[in-house]
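2 protein chains.
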Amino acid sequence: MITKMRESVREILGQGAELIDHALDRLLPSAEQAPISIHRAMRHSVFAGGKRLRPVLCMETARMIVGSGQVPQGVEELGAAIEMLHTYSLIHDDLPALDNDDLRRGKPTCHVVFGEAIAILAGDALQTQAYEVLARLQCPAPQTVEIVRSIAQATGSVEGMIAGQVMDLEAEEHEPTAELVEAIHRAKTGALIRVSLVSGGIYSGGSAADIERLREFGRKAGLAFQIIDDVLDVTQNSTQLGKTAGKDVASEKATWPAVYGVEQSVKDAERLVDEAFAQLTVYGERADRLKAVARYLVERTH
Amino acid sequence: MITKMRESVREILGQGAELIDHALDRLLPSAEQAPISIHRAMRHSVFAGGKRLRPVLCMETARMIVGSGQVPQGVEELGAAIEMLHTYSLIHDDLPALDNDDLRRGKPTCHVVFGEAIAILAGDALQTQAYEVLARLQCPAPQTVEIVRSIAQATGSVEGMIAGQVMDLEAEEHEPTAELVEAIHRAKTGALIRVSLVSGGIYSGGSAADIERLREFGRKAGLAFQIIDDVLDVTQNSTQLGKTAGKDVASEKATWPAVYGVEQSVKDAERLVDEAFAQLTVYGERADRLKAVARYLVERTH
Numbered sequence: 001m002i003t004k005m006r007e008s009v010r011e012i013l014g015q016g017a018e019l020i021d022h023a024l025d026r027l028l029p030s031a032e033q034a035p036i037s038i039h040r041a042m043r044h045s046v047f048a049g050g051k052r053l054r055p056v057l058c059m060e061t062a063r064m065i066v067g068s069g070q071v072p073q074g075v076e077e078l079g080a081a082i083e084m085l086h087t088y089s090l091i092h093d094d095l096p097a098l099d100n101d102d103l104r105r106g107k108p109t110c111h112v113v114f115g116e117a118i119a120i121l122a123g124d125a126l127q128t129q130a131y132e133v134l135a136r137l138q139c140p141a142p143q144t145v146e147i148v149r150s151i152a153q154a155t156g157s158v159e160g161m162i163a164g165q166v167m168d169l170e171a172e173e174h175e176p177t178a179e180l181v182e183a184i185h186r187a188k189t190g191a192l193i194r195v196s197l198v199s200g201g202i203y204s205g206g207s208a209a210d211i212e213r214l215r216e217f218g219r220k221a222g223l224a225f226q227i228i229d230d231v232l233d234v235t236q237n238s239t240q241l242g243k244t245a246g247k248d249v250a251s252e253k254a255t256w257p258a259v260y261g262v263e264q265s266v267k268d269a270e271r272l273v274d275e276a277f278a279q280l281t282v283y284g285e286r287a288d289r290l291k292a293v294a295r296y297l298v299e300r301t302h
Numbered sequence: 001m002i003t004k005m006r007e008s009v010r011e012i013l014g015q016g017a018e019l020i021d022h023a024l025d026r027l028l029p030s031a032e033q034a035p036i037s038i039h040r041a042m043r044h045s046v047f048a049g050g051k052r053l054r055p056v057l058c059m060e061t062a063r064m065i066v067g068s069g070q071v072p073q074g075v076e077e078l079g080a081a082i083e084m085l086h087t088y089s090l091i092h093d094d095l096p097a098l099d100n101d102d103l104r105r106g107k108p109t110c111h112v113v114f115g116e117a118i119a120i121l122a123g124d125a126l127q128t129q130a131y132e133v134l135a136r137l138q139c140p141a142p143q144t145v146e147i148v149r150s151i152a153q154a155t156g157s158v159e160g161m162i163a164g165q166v167m168d169l170e171a172e173e174h175e176p177t178a179e180l181v182e183a184i185h186r187a188k189t190g191a192l193i194r195v196s197l198v199s200g201g202i203y204s205g206g207s208a209a210d211i212e213r214l215r216e217f218g219r220k221a222g223l224a225f226q227i228i229d230d231v232l233d234v235t236q237n238s239t240q241l242g243k244t245a246g247k248d249v250a251s252e253k254a255t256w257p258a259v260y261g262v263e264q265s266v267k268d269a270e271r272l273v274d275e276a277f278a279q280l281t282v283y284g285e286r287a288d289r290l291k292a293v294a295r296y297l298v299e300r301t302h
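Protein chains in written order, with the numbering used here: chain A, 1 to 302; chain B, 1 to 302.
One or more of the hints may lead you astray.
The list makes no distinction among identical chains, and a pair is therefore deemed to hold if it is satisfied within one copy or across any two copies.
Claimed, not checked - As a list, the in silico SDA-like pairs of lysine to any residue whose alpha-carbon atoms are at most 20 angstroms apart:
id: 1; residue 1: Lys291; residue 2: Ala34
id: 2; residue 1: Lys51; residue 2: Asp268
id: 3; residue 1: Lys107; residue 2: Pro140
id: 4; residue 1: Lys107; residue 2: Leu27
id: 5; residue 1: Lys291; residue 2: Ala209
id: 6; residue 1: Lys253; residue 2: Ser37
id: 7; residue 1: Lys291; residue 2: Val234
id: 8; residue 1: Lys291; residue 2: Glu170
id: 9; residue 1: Lys107; residue 2: Glu270
id: 10; residue 1: Lys51; residue 2: Val293
id: 11; residue 1: Lys253; residue 2: Ala34
id: 12; residue 1: Lys107; residue 2: Val66
id: 13; residue 1: Lys291; residue 2: Cys139
id: 14; residue 1: Lys51; residue 2: Ile211
id: 15; residue 1: Lys107; residue 2: Leu180
id: 16; residue 1: Lys107; residue 2: Asp288
id: 17; residue 1: Lys107; residue 2: Phe277
id: 18; residue 1: Lys253; residue 2: Gly74
For the record, the hints were derived by calculation from the structure and aren't laboratory data.
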C-alpha cells in the first residue's frame with residue numbers, strides 16, 4: 001500500500017514537473033535571446049534539476065479547489081512564476097557575499113559558471129520575469145492583482161523570503177533559540193510554500209474560507225518541509241544532497257535539529273503535517289493528491 | 001523669461017519630490033521594522049538625495065492626461081514604486097562585482113555602509129516592495145495589471161533596464177559603436193523613463209493613442225536624458241556630480257560623448273527633446289509642466 005502511494009506521488013510530481021518545465025521553457029527568454037549571457041545564466045539555474053515542488057503544490061491546490069479533477073487552464077504559468085522566484089532566491093543566496101555555495105542540486109552555482117555580476121543580474125531578472133508572467137495570467141484582473149500582492153508579500157523583507165534570508169544572516173552571530181529558528185523558517189521557506197498554495201487557491205476562484213484554510217495548511221506544511229531540509233543537511237552527504245552537506249552546522253546556522261536534535265525534528269515535522277491535513281478534511285478525497293505531495297515532502301530522503 | 005521658467009520648474013520638481021518622499025516614507029517598512037538592517041539599508045539608498053525625476057515625470061504625465069490641472073488620486077504611489085525600482089538598480093549597479101562604486105549622490109553607497117550581503121538583499125527587497133505597492137494602487141484592476149506588465153517589461157532582461165546593464169557590462173570589452181551606445185541607453189535608462197510616462201498615462205485612464213504618444217515622447221526624451229548624463233560624467237568633477245566622476249572614461253564605458261564628442265552630444269540631446277515635444281502638441285498648454293520638466297533634464301548641470 002505504501003509502495004503504491006509512493007508510486008502515485010512520483011507520478012503526480014513527474015507529470016507536474018513536466019508541465020512546469022514546458023511552461024518555464026516557453027516563458028523564459030531563449031538562450032539565443034540577446035543579451036545572451038544573462039539568459040543562459042537564468043536558464044542554467046532554472047533548469048538545474050529542481051523538482052518543482054512549489055509549482056506542483058500550487059497546481060494540485062488549484063485542482064482541489066476546482067473540484068472537477070482537472071487543473072484550471074494556465075495555472076502552470078502561475079507555477080512557473082513561483083519557480084522563477086524560488087530560483088532567484090537560490091542564485092542570490094549562493095553568492096559569495098551570502099552563503100558562498102559552489103554547488104547546488106549537484107551542479108556548479110550560477111556565479112561559478114557566469115561570474116558574480118551576471119549572477120546578481122540573473123537573479124534580479126528572474127524576479128522581474130516572474131512579475132511579467134503574473135501580469136499575463138489567464139485569470140480575471142482582480143484575481144491577478146490579489147496574486148501579485150500575495151506573492152510580493154510572501155517574498156518581501158517584512159514577513160517573507162527576504163526577511164528570512166536577513167534573519168538567517170544575522171542569526172549566524174547568535175546562539176539559535178527555538179523562537180528564532182521558527183521565525184526564520186516561517187519567513188525564509190515557509191512564506192513561499194504558503195503562497196504557492198494560497199495563490200493556487202486564488203487563481204482557481206477559491207472562497208475566503210478556502211484561502212484561510214490553505215494559509216493555515218501552508219503554515220504548518222511549510223514549516224515541516226524546512227525542518228526536514230535541516231535534518232537532511234545533518235544526516236546526508238554532499239552527493240546524496242546534491243549540494244554541500246553539513247554547511248548549516250559549519251556556519252552555525254539556526255536550524256531545527258540544532259535546537260531539538262534530529263529525532264525530535266523528524267517527529268515535529270510529522271506532527272505538523274498531520275495538523276496541516278486537518279485543514280483539508282472538508283475537501284474529502286479531492287485533497288488526496290495534494291496530501292500525497294505534502295506527505296512526500298516530509299518523507300523524502302533528498 | 002528663462003529665469004522665470006527655471007523658477008517654475010524648480011517648484012514643480014520641489015513639490016513633486018516632497019509628495020514622493022512622503023509616499024516613500026509611508027510605503028517603505030520603517031527603520032525600526034525587524035529585520036532592521038535591511039530596512040535601514042533600503043531607506044539609506046532611497047533617501048540619499050534623489051531628485052525623484054522619474055516619479056515627477058509620471059505624475060506630470062498623469063496630470064496632463066487627466067486635464068483638470070489636478071493629479072489623479074494616489075498617483076504618487078505609482079511614482080514611489082518606480083523610484084523603488086530605480087533605487088534597486090542603483091544599489092546593485094554599485095556593487096563591487098558590477099560598477100564597484102563607493103559614492104552615489106555624494107553619500108557612501110549601500111554596500112559600503114551595510115555590507116555586500118545586505119546591499120544585495122536590500123536591492124531585491126526594493127524590487128519586491130515596488131510590486132507590492134503596484135498591487136495596491138488606487139486604480140481599477142485591469143489598469144493595475146497593465147501597469148505591472150509594462151513596468152516588468154521595462155525593467156527586464158530582454159529590452160529593459162537589466163538588458164541595458166548586461167549590455168553595458170559586455171560593452172567594456174569592445175570599442176563602443178553608435179548602435180551599441182544607443183541600444184544600451186534605450187534599455188538601461190530609457191526604458192524606465194519611458195514607462196514612468198506610459199504608466200502615468202495608463203493610471204490616469206489615457207487612450208491607446210495617448211499611450212502611443214507617451215511611448216514615443218519617452219523614447220526620445222529618455223535617450224536625451226542619458227546622453228546628458230554621459231556628458232556630465234566627462235565635464236564635471238566628483239563634487240559637482242555627487243558621484244565618482246570620469247568613471248565611464250576610466251572603465252571605457254560605451255557612452256555618447258565617447259562616440260560623438262561632447263559638443264555633438266549636447267546638440268543631439270537638444271534635438272531629441274524638440275522631437276519629443278512634437279508628440280505633445282495635441283495637449284496644448286496642458287503639456288507645459290511636463291515639457292518644462294523634460295527641458296530641465298537636458299539643461300541641468302548635475
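Now the hints, each set against the structure:
1. Lys291 - Ala34: This pair counts as neither: shortest intra-copy Cα distance 42 angstroms, inter-copy 34 angstroms.
2. Lys51 - Asp268: neither (24 angstroms within a copy, 52 angstroms between copies)
3. Lys107 - Pro140: neither (39 angstroms within a copy, 45 angstroms between copies)
4. Lys107 - Leu27: Neither way: lysine 107 and leucine 27 sit 23 angstroms apart in one copy and 39 angstroms across, limit 20 angstroms.
5. Lys291 - Ala209: within (19 angstroms within a copy, 51 angstroms between copies)
6. Lys253 - Ser37: Answer is between: at 18 angstroms across copies they meet the 20 angstroms cutoff, but 33 angstroms inside does not.
7. Lys291 - Val234: Intra 26 angstroms, inter 63 angstroms, cutoff 20 angstroms: neither.
8. Lys291 - Glu170: neither (34 angstroms within a copy, 48 angstroms between copies)
9. Lys107 - Glu270: neither (30 angstroms within a copy, 51 angstroms between copies)
10. Lys51 - Val293: Within. Shortest intra-copy distance 12 angstroms satisfies the 20 angstroms Cα cut-off; inter-copy 51 angstroms does not.
11. Lys253 - Ala34: The answer is between: 19 angstroms across copies meets 20 angstroms, while 39 angstroms in one copy does not.
12. Lys107 - Val66: Answer is neither: 38 angstroms inside a copy and 54 angstroms across each miss the 20 angstroms cutoff.
13. Lys291 - Cys139: Classified as neither: same-chain Cα gap 25 angstroms, cross-chain 39 angstroms, threshold 20 angstroms.
14. Lys51 - Ile211: neither (25 angstroms within a copy, 42 angstroms between copies)
15. Lys107 - Leu180: neither (31 angstroms within a copy, 34 angstroms between copies)
16. Lys107 - Asp288: neither (34 angstroms within a copy, 57 angstroms between copies)
17. Lys107 - Phe277: Neither: 35 angstroms inside a chain and 53 angstroms across chains, both beyond 20 angstroms.
18. Lys253 - Gly74: Classified as neither: same-chain Cα gap 39 angstroms, cross-chain 43 angstroms, threshold 20 angstroms.
In this structure, the hints that do not hold are numbers 1, 2, 3, 4, 7, 8, 9, 12, 13, 14, 15, 16, 17 and 18, in rising order.
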